[in-house]
Amino acid sequence: MNLKSILLLILAFMVNLNVVAQVNVDSLKTRYYADSGSAEEKAEIAAKIADALVYNQPDSANLYANSGLEIAKKHNFADGIFHNNYVLGRIELNRENLDGAAHYFTNAVAISNQLENISLGLNAFQMLAYVYDMQNQYLNAYKVYRDGIKLAEEINDSVKLYSLYNNFGSHLQHLGDFEESKLMFLKTLEVAAALQPEQLRFSPASAYSNLSVIYMDSGDLDSALYFLNQAWTYPGSRADAYGEQTMATNYTDIYLSRNKPDSVRKYLAIQKNDLEKMEGSFPGSLDFQYAKSTANWVKANLRMANCNRLNIVY
1 MNLKSILLLI LAFMVNLNVV AQVNVDSLKT RYYADSGSAE EKAEIAAKIA
51 DALVYNQPDS ANLYANSGLE IAKKHNFADG IFHNNYVLGR IELNRENLDG
101 AAHYFTNAVA ISNQLENISL GLNAFQMLAY VYDMQNQYLN AYKVYRDGIK
151 LAEEINDSVK LYSLYNNFGS HLQHLGDFEE SKLMFLKTLE VAAALQPEQL
201 RFSPASAYSN LSVIYMDSGD LDSALYFLNQ AWTYPGSRAD AYGEQTMATN
251 YTDIYLSRNK PDSVRKYLAI QKNDLEKMEG SFPGSLDFQY AKSTANWVKA
301 NLRMANCNRL NIVY
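Just so it is clear: in the sequence shown, position 117 is 117 by this note's numbering, and no numbers are missing.
Take these hints with a grain of salt, some might be off.
[Said to hold, decoys possible] Here are the simulated distance ranges between beta carbons:
hint	residue 1	residue 2	range
1	A291	D220	21 to 27 Å
2	R146	Q196	23 to 29 Å
3	A239	E70	39 to 45 Å
4	Y33	I155	50 to 56 Å
5	K266	S218	22 to 28 Å
6	N66	R201	43 to 49 Å
7	R31	L98	30 to 36 Å
[What the hints assert, rightly or not] Under the rule of at most 20 Å between Cα atoms (straight-line distance), these lysine to aspartate or glutamate pairs were calculated in the EDC-like manner:
hint	residue 1	residue 2
8	K266	E276
9	K150	E116
10	K29	E70
11	K277	D240
12	K143	D177
13	K73	E96
Simulated from the structure, these hints should not be mistaken for laboratory data. Just so we're clear, the structure is a prediction, and the values are computed from it rather than from any experiment. The beta carbon of each residue, even a glycine, is placed where N, CA and C say it ideally should be.
Go ahead and model the full structure; you've got the sequences and the hints to work with.
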């Protein structure tokens, strides 16, 4: 799986910075337009309204966030500057304007050390690194990840470290730095073990699965199978069709590498079923997954045919 797919899945599970139910938007607007309330409150309310409208009304979200940013800048209100820049970054990311997203997330990162709650600033580090990865600006992404991890370690924010370690591991894995990538995924799992279930923004199965791929690529199939089994059996890890079919594909690769084609039948069927489930709902192309599935079907059937011809029994 490529880096974009890995990070897209991780981000899909991440909680938004300001989660505001749609039913509250009208009351927020009433407060925003009221004569009462401080400028700081208006800047924060603007960010919350924009956050609630990012996906279904992006133009309106943009207007509120820019208004909130203008108010916050006028009054030198760090939290308002950060929140509105952060939401503007998410709006541009949703529009697939990566340059615009990088601009606003950079602004958010720049003021994060002035926040009342510095931990919130780590969201911007993560999003900026993600955008740089999408732009193939890997050195910039590397620096942002390192800075974010350093800050998270300094303030002992285990929840944010969990995401940062995992995403940095995916970044390093994509670049071929497998030893450092393994270290990051192992740190991810170490932190995950100390968190409460509600603090896990995505399943630790992601780290287990990525470790399995690293060991597969290095030819250590025993370790690859061990970590893949950990991912497969992790509670809830197979509820997501994309994640399950990815793990099923990895099982077929391992068993075919071990020349045990008959062991892959179950996983080929699961992969086929999951791809059918995702048709029309997955946010991206499934061409690679279909090509991989077809190649594994052909490879497995050819090997099983050869084994039958030679009377080899597994």
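Right, here's what the structure says about each hint:
A hinted range of 21 to 27 Å for the beta carbons of A291 and D220 is consistent with their spacing of about 26 Å. Checked against the hint of 23 to 29 Å, the C-beta distance between R146 and Q196 comes to roughly 27 Å, which is consistent with it. For A239 and E70, the Cβ-Cβ distance of about 43 Å falls inside the hinted range of 39 to 45 Å, so the restraint holds. Between Y33 and I155 the beta carbon distance is about 36 Å. The supplied range of 50 to 56 Å is therefore violated.
About 25 Å separates the C-beta atoms of K266 and S218, a value consistent with the hinted range of 22 to 28 Å. Distance hint for N66 and R201: a CB-CB separation of about 28 Å, inconsistent with the stated range 43 to 49 Å. Checked against the given bound of 30 to 36 Å, the beta carbons of R31 and L98, roughly 33 Å apart, stay inside it. Restraint check for K266 and E276: satisfied, since their Cα atoms lie roughly 16 Å apart, inside the 20 Å limit.
The hinted pair formed by K150 and E116 meets the criterion: a straight-line CA distance of about 19 Å does not exceed 20 Å. A threshold of 20 Å between alpha carbons decides the hint, and for K29 with E70 the separation of about 17 Å falls inside it, so the pair holds. About 10 Å separates the Cα atoms of K277 and D240, which keeps this hinted pair within 20 Å; it holds. For the hint pairing K143 with D177, the CA-to-CA distance comes to about 15 Å; that is within 20 Å, so the pair holds.
This hinted pair does not check out: K73 and E96 have alpha carbons roughly 26 Å apart, beyond 20 Å.
Hint compliance for this structure: hints 4, 6 and 13 are broken, all remaining hints hold.
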